[in-house]
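Undergrad: Take a look at the letters that make up each chain.
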Amino acid sequence: MSCDFPGTLLHAYLDGELDAVRAAEFERHLEDCRECTTTLGAIESLRSSFQRAQLYETAPAELRRKIRGELKSPATGSGGSAVAAWRWLAVAAAILMVTGVAWFSLPHFRATGPESVTAAEVIDAHIRSLQPGHLTDVTSTDQHTVKPWFDGKLDFVPPVHDFVDEGFPLLGGRLDVLGERNVAALVYGRRKHFVNVFVWPTKEPDTPIHPPGSRQGYQWVHWRHQGMEFCAVSDTSAQDLHDLAELFVH
Amino acid sequence: MSVTGQGKGWDVLDSQDRARFEQLVLPHLDAAFNLSRWLLRSRADAEDVAQEAMLRSFRFFRGFNGGDARAWLLQIVRNTCYTWLEKNRQVELMTEFDEDLHQQSAATPEALAIAGDNRERLARALETLPLRFREVLVLREFEGCSYKEIAAITSVPIGTVMSALARARQRLQRALTQPAQQEAPHEL
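Those protein sequences? They're chains A and B, same order as listed.
Using this note's numbering, the first residue of the first sequence is number 1, and each one after it goes up by one.
Using this note's numbering, the first residue of the second sequence is number 1, and each one after it goes up by one.
The hints are simulated quantities; they were obtained by calculation from the structure and are not laboratory data.
Glycine residues also receive a C-beta, built at the ideal position from the N, C-alpha and C atoms.
Now the in silico label distances, taken between C-beta atoms and shown as ranges:
| hint | chain 1 | residue 1 | chain 2 | residue 2 | range |
| --- | --- | --- | --- | --- | --- |
| 1 | B | 89 | A | 238 | 49 to 59 Å |
| 2 | B | 22 | A | 201 | 38 to 48 Å |
| 3 | B | 108 | A | 143 | 51 to 61 Å |
Here are the simulated SDA-like pairs of lysine to any residue, each with C-alpha atoms no more than 20 Å apart in a straight line:
| hint | chain 1 | residue 1 | chain 2 | residue 2 |
| --- | --- | --- | --- | --- |
| 4 | A | 72 | A | 62 |
| 5 | A | 147 | A | 164 |
| 6 | A | 66 | B | 61 |
| 7 | A | 147 | A | 162 |
| 8 | A | 192 | A | 164 |
| 9 | A | 203 | A | 177 |
| 10 | A | 66 | B | 30 |
| 11 | A | 66 | B | 19 |
| 12 | A | 72 | B | 59 |
| 13 | A | 66 | B | 17 |
| 14 | B | 87 | B | 41 |
| 15 | A | 147 | A | 172 |
| 16 | A | 192 | A | 167 |
| 17 | A | 72 | B | 20 |
| 18 | A | 147 | A | 136 |
| 19 | A | 66 | B | 45 |
| 20 | A | 72 | B | 22 |
| 21 | A | 72 | B | 60 |
| 22 | A | 203 | A | 157 |
| 23 | A | 66 | B | 48 |
Take a look, some chain B residues computed to stay more than 10 Å from chain A by CB distance:
| hint | residue |
| --- | --- |
| 24 | 45 |
| 25 | 88 |
| 26 | 128 |
| 27 | 178 |
Build the full structure now, drawing on both the sequences and the hints.
TA: Here it is in structure tokens:
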């Protein structure tokens, strides 16, 4: 038995770092790969061991007190500190030479990393939106109200349609952030459930509607259409999400 | 190993910056201490190094551009730890890093659950891992950092983070389930 799925992908899946499409792909692979299922079980077991063992070590109260004390003390330039300050400077210079000045350049935070959005991010954004008062920034069932609301808030124009006749009433819209980029979130109702459809521009070619993925009881469906990338996520059925995606594409 | 002096170096910011520092950076003192403790494998050394790292972050606070304060601080903490290790325990920085990833662990989830249930054993197994494996595991499992954050903190590409984590977990599993076999050739 040999599995040709790269081992690192399994870890990325477990850590919620795969993008929506690849996570769904991996789940289908898991259905009939015993090797990956076992390995995944082992790593999950390891993770829960960590959680139970509580090996996190918090800072001693004395250290916290010391640092707080230093912060509270008034800023002074008393003469007595000159020698110590010189000593400190020498050490600091040595440290700088050794370690470089990498920490100055943290802006690269935004520049590194894949442009794709991970499944975990999408689901987090969905869960966040369900907190009281977070679902919509503009509440309206009228697409002609929701669409102009996005004007000037985003650098693209999301397609906004009400699908009430097809069983997906438009409830409103919201600005959200996925993968450190501003996206449009369109909110639909489906019986008693809410569906978030995240939309952002892409240069990649169109794709068909990908098979659904699922995690923590939420389903998501991903597709690209006419220069836009879509990810619909909800706790409603995967079939519902697929139906909604079809409405967007046609 | 205290280079901070008593109370020196803390007077570089005005009261407004101090308040900001207290609000943005100080809440991550536990994270700073925890990372130092696992990188240095000693509470006492971690206390010194975490304090020094806090002082350094204080001095560099004006250069902080308002992104993720925890990641910014942890990058400084990590650099401080490596500098300390370079001075005090050079041998730790020279441990091998390569490992065959295709060698899947033979451990079953059940066997691991039993072995992992022993807190002391788990802590010891983690401590026997080479530094670079230990740090990705601590950042991922204890701090819940994303790969992108880990990449920024440790200054390596995301792909490297991913494979280091995979290897780290594999080695940890082995260390847990085969305690008789010495896992740490770098230990003196």
